[in-house]
Amino acid sequence: MRLRCLTILAAATLVLGGCAGFAPPKPWEKGDLARPSMQFDADVLAAKTTQHIYASKEGATGGYGVGGGGCGCN
Amino acid sequence: MLATVAVALPLPAAAVDAGQPAPAFALPRAAGDVLTLESLQGRVVFVDFWASWCAPCKRSFPWMNELQKKYGDKGLAVVAINVDKRRADADRFLAQVPASFAVVYDPAGTAPAAYGVKGMPSSYLVDARGNVVEVESGFNDERAAALEARIRALIAAR
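Residue numbers (the numbering used here), protein chains in the order written: chain A, 1 to 74; chain B, 75 to 232.
The hints are simulated quantities; they were obtained by calculation from the structure and are not laboratory data.
Be a bit skeptical, because a hint or two may be false.
To be verified - With the C-beta cut set under 7 Å, the calculated list includes, among others, these residues of chain B facing chain A:
1. L111
2. A125
3. V157
4. D158
5. K159
6. P186
7. V191
8. G193
Even glycine gets a Cβ: it sits at the ideal position worked out from N, Cα and C.
I would like the entire structure built from these sequences, with the hints used as guidance.
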């Protein structure tokens with residue numbers, strides 16, 4: 001049983017190394033990431049309102065999203 | 075395991091810099107005919123990489139139309155390489171922002187890989203001998219005038 005656990009763990013560790021092969025998308029491959037359906041916020045106006053509430057009531061701002069719509073141009 | 079990681083990591087593509095020869099490309103236009111960089115030798119070429127999802131690209135198109143209009147018959151060729159995976163996206167963009175210069179399609183992304191494009195949009199100003207003289211990342215209204223002056227100088231020197 002112990003050996004089996006160790007074997008599975010070793011196999012999982014080795015297989016995990018393969019994940020290193022997934023390179024991040026190149027600047028010209030970000031078309032799918034820039035799609036509206038890939039945004040965290042479904043509604044721009046609602047997101048703006050939420051941010052405004054955070055800013056005005058909690059003094060919290062920034063840290064949400066990246067400028068440039070995922071085009072890698074900034 | 076470290077060895078697997080090292081082997082799996084892809085080598086970073088070398089980015090083309092000013093002073094280096096512009097990598098060749100042969101890409102189809104909308105009509106299906108292939109446009110090669112080689113066929114433009116002897117002309118100053120403004121190579122621009124664009125995509126439908128790239129907001130600054132939308133602003134660069136009117137400027138490139140202007141370039142084509144002003145210098146097209148004086149020895150400049152504007153070539154816009156589209157990198158959209160889906161052709162329909164590019165067509166929708168072009169319906170909104172018409173282009174009066176050469177547009178070629180590279181959904182596989184071989185040309186941007188060869189140029190080592192670092193961001194969208196990216197442009198490469200290529201002189202009449204086929205060497206890159208200027209690399210622009212992003213579209214910047216303030217840089218546009220300087221680039222145009224550079225293009226004028228290159229056309230005069232050709």
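Evaluated hints:
1. The closest approach between the C-beta of L111(B) and any C-beta of chain A is roughly 18 Å, which is over the 7 Å cut-off, so the hint fails.
2. With its C-beta approaching chain A no nearer than about 6 Å, A125(B) sits inside the 7 Å limit, and its interface hint holds.
3. Taken as an interface hint, V157(B) checks out: its beta carbon lies about 4 Å from the nearest beta carbon of chain A, inside 7 Å.
4. Checking D158(B) against chain A by beta carbon gives a least distance of about 6 Å; that is within 7 Å, so the hint holds.
5. A hinted interface residue such as K159(B) counts as satisfied when its beta carbon comes closer than 7 Å to some beta carbon of chain A; here the least separation is about 6 Å, so the hint holds.
6. Because the smallest distance between the Cβ of P186(B) and any Cβ of chain A comes to about 4 Å, under 7 Å, the interface hint for this residue holds.
7. Given the 7 Å rule on beta carbons, the hint for V191(B) holds: about 6 Å separates it from the nearest Cβ of chain A.
8. A hinted interface residue such as G193(B) counts as satisfied when its beta carbon comes closer than 7 Å to some beta carbon of chain A; here the least separation is about 5 Å, so the hint holds.
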